[in-house]
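Asker: First to last, the sequence lines map onto chains D and Z.
Per the working numbering, the first sequence starts with residue 1, numbered consecutively.
Per the working numbering, the second sequence starts with residue 1001, numbered consecutively.
Mixed in with the good hints, there may be bad ones.
[To be verified] As a list, the in silico DSSO-like pairs of lysine-lysine whose alpha-carbon atoms are at most 30 Å apart:
hint, chain 1, residue 1, chain 2, residue 2
1, D, Lys60, Z, Lys1047
2, D, Lys219, Z, Lys1115
3, D, Lys219, Z, Lys1053
4, Z, Lys1199, D, Lys68
5, D, Lys219, Z, Lys1193
6, Z, Lys1053, Z, Lys1199
These aren't lab readings, by the way, just hints derived from the structure by calculation.
Everything numeric in this text was worked out from a predicted model, so none of it was measured.
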Amino acid sequence: MSLSSLLRISIVLLAGLSAGACATRPPATNPDAVAAYEEANDPLEPFNRAMFRTDQALDKALVRPAVKTYRFIVPDGGRRSAGNFLRNLRSPITLVHDVLQGQPNRAGITISRFFVNTFIGVLGLFDVGEEIGLPYHAEDFGQTLAVWGIGDGPFIYVPLFGPSTMRDGTGFGIDAFFVDPLAWYSRGNGAETWIQWAVLGGTYINLKDETMYATDELKASSIDYYASLRSAYRQIRASEIRNGAPPPMEDFDEFSSTFETPVLAAQAASEMPQTPLTSEH
Amino acid sequence: MISRRHLLALCPSLLIAPRMSFAQAAEPGPFVSEFAQKGIVEILAAKIANAEKQTRFRAMFTNYFDLPAIGRFVLGRYTRTVKPEEMNSFSPLFEDVIVYTWSRRFSEYNGQTLKVGASTPDGDDGAIVKSTIVGNAGESFAVDWRLRKRPDGWKIVDVIVAGVSMAITYRQEYTTLIAQQGGFSGLLAQLQKQVGELKAAQPA
């Protein structure tokens, strides 16, 4: 990375901080804007957008070249095996959260997959479990908190780390440093700290490699990439929390039907100014 | 051997045939299969120019999707306050955005197939059909289709890819843009610009 791009990044960072980090809540006289503001749940939006621009600059300068190099060195099959290996290594975290969410069947699948993939799938390089009817799933502390009824909280955007929320970001930290047995192992034995960092680094490159096509598509198809990314992130998390069930979308029929439908007609009528009764007397 | 009279008897049905191809499957699962099959045979795998693919896709898309309903959902609360003439300028732009977004990638089609799974009831007289897109290297991802029954048959109202709903994503982006641009006309201007960019990005 050149000095000038570093400089640009720090200017963007400073600009974001000094611009006043908080989004202004729209006035109550504009209920549509208030509803949009609450749905986005992004009170730090100006700051987050500055972080997002920093992230995009770092993505271009560092992450993309790293992923390209990785793709150049490691062929398709090798990258798939690396992904399988890292997913298998993460099984203990998923298991802990299967249990914390009261899902014994899914915990059973996680254990079976771990043994099948470790011993038959050559230390997890091959996903044998998938082929014998043990589909992959991942759980984390953020999802467990959600199942326990804790909302996702304000949106946050961290350069390099990407989109998250207060709940999910906290959950990630706890998983990476306290739940993951590798973290225990690498801290218990001073000389092996690198293992945890190597796994985190590998997981990161693997994640970027797997998601780059999708995020590029989202970027190309949206006007406001930040807003689309925020929406997509929340939807993916909600889908993971529902364990893959489709989103409920209760208000689809209310909004998508025409004004002729009884519900909206009644609503429109109730919003019309009433003639004062006194005039009739 | 078919006699001349039999052939003549077939004529009325031949005349109706182009319209019959629009008569769609009566059940949600087969309806989604029909859409995917038609899309693969007549557009994705067809040996025709990209412009022709676009034309065919637009016709098929407006037939199989309830685009006006999606548009109203995407505008959400604003649907109630938007003027009819603003809605009239929004609808064709929104259609263009989706058509050109999808058609940009037609040339990347590489033998993927759609495996239709279970269907469950959803909302007012609707259904959700689960499916999987399977690539030729065995890679797969989940796509759910949200359907509604309309007087003229089933219509698709949302596509959910790996947990991300097309309708919800557009809705959250557009409501953010309306707030940011200080009104509906700001959104229209942005859409116009985007349609221009997407058109320029189409493969020859």
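Asker: Does each hint fit the structure? Answer for all of them.
Answerer: Against the structure, the hints:
Restraint check for D/Lys60 and Z/Lys1047: not satisfied, since their Cα atoms lie roughly 37 Å apart, outside the 30 Å limit. Straight-line distance between C-alpha atoms of D/Lys219 and Z/Lys1115 comes to about 28 Å, which keeps the hinted pair within the 30 Å bound. For the hint linking D/Lys219 to Z/Lys1053, the alpha-carbon distance of about 24 Å falls within 30 Å, and the restraint holds. Of the pairs offered as hints, the one joining Z/Lys1199 and D/Lys68 holds, with about 28 Å between alpha carbons and a cut-off of 30 Å not exceeded.
About 15 Å separates the Cα atoms of D/Lys219 and Z/Lys1193, which keeps this hinted pair within 30 Å; it holds. Pair hint Z/Lys1053 plus Z/Lys1199 holds up; C-alpha atoms about 14 Å apart against a cutoff of 30 Å.
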